[in-house]
Amino acid sequence: GENVEQHPSTLSVQEGDSAVIKCTYSDSASNYFPWYKQELGKRPQLIIDIRSNVGEKKDQRIAVTLNKTAKHFSLHITETQPEDSAVYFCAASFNTGTASKLTFGTGTRLQVTL
Amino acid sequence: DTEVTQTPKHLVMGMTNKKSLKCEQHMGHRAMYWYKQKAKKPPELMFVYSYEKLSINESVPSRFSPECPNSSLLNLHLHALQPEDSALYLCASSQEPRIYYEQYFGPGTRLTVT
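The listed protein sequences derive, respectively, from chains P and F. Heads up: the first sequence is residues 846 to 959, going by the numbering used here. Heads up: the second sequence is residues 197 to 310, going by the numbering used here.
Careful: at least some of the hints might be erroneous.
Heads up, simulated DSS-like pairs for lysine-lysine below, C-alpha to C-alpha not over 27 Å straight-line [to be verified]:
| id | chain 1 | residue 1 | chain 2 | residue 2 |
| --- | --- | --- | --- | --- |
| 1 | P | LYS887 | F | LYS237 |
| 2 | F | LYS237 | P | LYS867 |
| 3 | F | LYS236 | P | LYS867 |
| 4 | P | LYS887 | F | LYS232 |
| 5 | F | LYS232 | P | LYS867 |
| 6 | F | LYS249 | F | LYS236 |
| 7 | P | LYS916 | F | LYS236 |
Quick caveat, the hints were computed from the structure, so don't treat them as lab data. Only a predicted model underlies this, so the values are computations on that prediction, with no experimental measurement involved.
Isolated chain F (complex conformation) (with noise of 0.2 Å):
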């Protein structure tokens, strides 16, 4: 299974909701990372966690939070959000964390804010 899932597919909240993003891959990968791509845009990497560790944060705000309950599973916990964060959220992993490796990519969670 080389297969990284995400759920849901479409999300629409409003800027006082807290909803939570869910990424999830059983292929052994020991690195797994939370992208966000506004439109016509590259993936613009937001945090790497490492065997089940945050190891880097890109200075993303606190209304963004992840969280790695096991090797397998990837959250991104959202809060008080803003129409600017509205955009497609990529969750990717790889073998390790270094990045000889290819990194997987699950099909995304477009996230709309009103």
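Extracted from the complex, chain P is given alone in its bound form (with noise of 0.2 Å):
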């Protein structure tokens, strides 16, 4: 099956910087990319997607690179904000043909210091 590889598992940024969180995928079939930003006791809200028929995606702080070659996607913040303390996770869908389906990564928990 999917596997999702995530790193790294925790994150220190100083309020400010940018923060990187970088994740792999098993399937080359995989097509859509979702970040997932779950905060203490949340539930888990999506912040930005990507499909693979796209190489980069931005949002305002937020971007997203998708390299399939190297089936590669990264989560990119800048300016960080205290608000942006959570936990990060990136996922990859599969296709089982009546549906599809989600694995996630581990998770980053993002800890943005004053």
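Each of the two chains sits in its own frame; use the hints to bring them together as a complex.
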């Protein structure tokens, strides 16, 4: 089945710095790559996603890049703020035929310090 | 209304009890999902319903029994659970079973099995 690796597991940055989280996936047929943010005690929320026909996507301070050849995708957060502190999960889709499913990475705990 | 609701928020049950978790969405989504999330771990897919039919069962033990009574409702019936089943159970929905669409997560039910 699909395997998604995510690094680093924890990341501490100072407010205003950039943060980068990297993921690799195993199934070359995967075609959709969302990123979720989960604050403590809350539900995962989609922050950005990218489809396999696109190499890069940006939404204000957040950007995602995809390298299909290398099966890598990354999340970039610029000008980090304390409210960016959370656990971030990458995911990759896998199509079974009747439905698709997401496989999540192991998560990155981002801490933004003042 | 872009919300998935889940009840109850918390549930404590003994190993001999029978209980049910409920999930509801009124976004007209045709795919619904159950995930299990242990502390500091990513969500782990359990079941996928596609147009009210079970499409994916990720080899979940039979003590978990899903049910989709209609396109807006998803239940998870619990019976004879084990303490290791204690976790956050998340429901999600998406517009179509193919994963090109965002999955919206509910707030979860925190289950404790004693």
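For this session: List in ascending order the numbers of the hints, as given earlier, that are violated by the structure.
Result: As far as the earlier hints go, only 6 is violated by this structure.
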